[in-house]
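Undergrad: Sequence:
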Amino acid sequence: MTVPLSSYRRLTASAALIAALAGALAPATSASAAPAAIRTRTPAPDLAGIVAALESAMANGAPGAMARYFGPDGARARAVGVRDRETGAAMDTRARFRVGSVSKTFSGVVLLQLVEERRLKLDAPVNTYLEGLLPDDRITVRHLLSHRSGLADYTDAMFNETVPGFEAVRNRVFSYQELVDLSLAEPRTTEPGGAYAYSNTNFLVVGMLIEKLTGRPVADAYQRRIIKPLGLRQTAYVHPDTRIKGTHVRGYLHPDEAGAPLVDSTEQTVSWAQSAGAVISSPADLNTFTSALMRGRLLSSATLEAMTTVTPTDATNTRFYGLGLRRYDLSCGTRVYGHTGTVQGYYTYAFSTRDGRRSLSALANTSNRGAANTALGGTLEAAFCGKPSAPAPPARS
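Counting in this note's numbering, the sequence shown runs from 130 upward without gaps.
Careful, some of the hints might be misleading.
Distance windows between CB atoms, simulated [to be verified]:
(1) Glu-290 to Arg-483: 38 to 44 Å
(2) Lys-516 to Ala-297: 43 to 49 Å
(3) Ala-444 to Arg-483: 47 to 53 Å
(4) Arg-464 to Ala-431: 15 to 21 Å
(5) Lys-516 to Asp-349: 40 to 46 Å
(6) Asp-310 to Ala-173: 20 to 26 Å
(7) Thr-445 to Pro-172: 20 to 26 Å
(8) Ala-188 to Ala-286: 40 to 46 Å
(9) Pro-264 to Ala-297: 25 to 31 Å
Don't read these hints as lab results, they were simulated from the structure. From the three backbone atoms N, C-alpha and C, an ideal C-beta is built for every residue, glycine too.
With the sequences and hints as input, model every part of the structure.
TA: Structure (structure tokens):
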């Protein structure tokens, strides 16, 4: 495996730290060798279950859906429905699409790399680097990455009416400051460092930090630090261009009115999201990205440990958030890390196991259909937990 030079420097420093820790924690004597680790069989992906989840997403309003699993035995891809309703073109697992909030993990990785380079500190106030931006000096960089800043999500009001809200911003180009001002006009949701409260505003400010510290557009940081080192040929940040070049999936937005026709939302600036949601990618590239992240190719082990240190996001105790990263605890006990994404016309899942050996990316080309989103999430269980165990036969008297 070829490791980029910048990653090599980070990994070398991390290796030294790990070696020091290992020496400090190792027992002084060892009378016998440690017992061999118990090996557990990795379940094969349930491909029929994946297809069933994709078909369920279609039954709940998606014109098409697809998923790509990658594991020790290679890639398995499945697709149903269409990627273009007008031409009838079938869904294509090689096609590109808008990944929405999966972009937050890209932004989180870049900012954490800057932390490793000592260009900012996680627990320093944001206003240390963006003087006077926020009204509260208690809001830290860590609060942004973990959605615990209390900054309101301006998109709640922006998209209160689905189609009118979208059409009002489809071709508009915002500055970061304009969007932050929309948030600051709303009441804050929590005290800094309080409960988790998801807000796109947090990752707009992350984008502002990246640009302030690097002196370059966020697109350049993505390209130099993630896209090029990992060879993600189908991944790009094209804001504010409205097009998706090459073979791509068209997105369809469900209006609020029952029975109203779907709206083709493919062409848009996504300027309302920017560093919080404007990345374009493909299933294979998302598999590569999440696996590489978990394998330590983008961050040192110490930083990755911080990124994957999570807090609960709901009452089920199966959904968590770290630093620009979600963790889902599945029914079989497997934990997967990544992010979900929603942008007009697209639902996305991109997750990997903690060792990076198995990954899944899935897409449905619709949005504003919660049932379709929930159905698409079923691909995670099928991919990482395998086929459900057969029920035990009834006891015979």
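Undergrad: Of the hints given before, which are not true for this structure?
TA: The structure conflicts with hints 3, 6 and 8, although it agrees with all the remaining ones.
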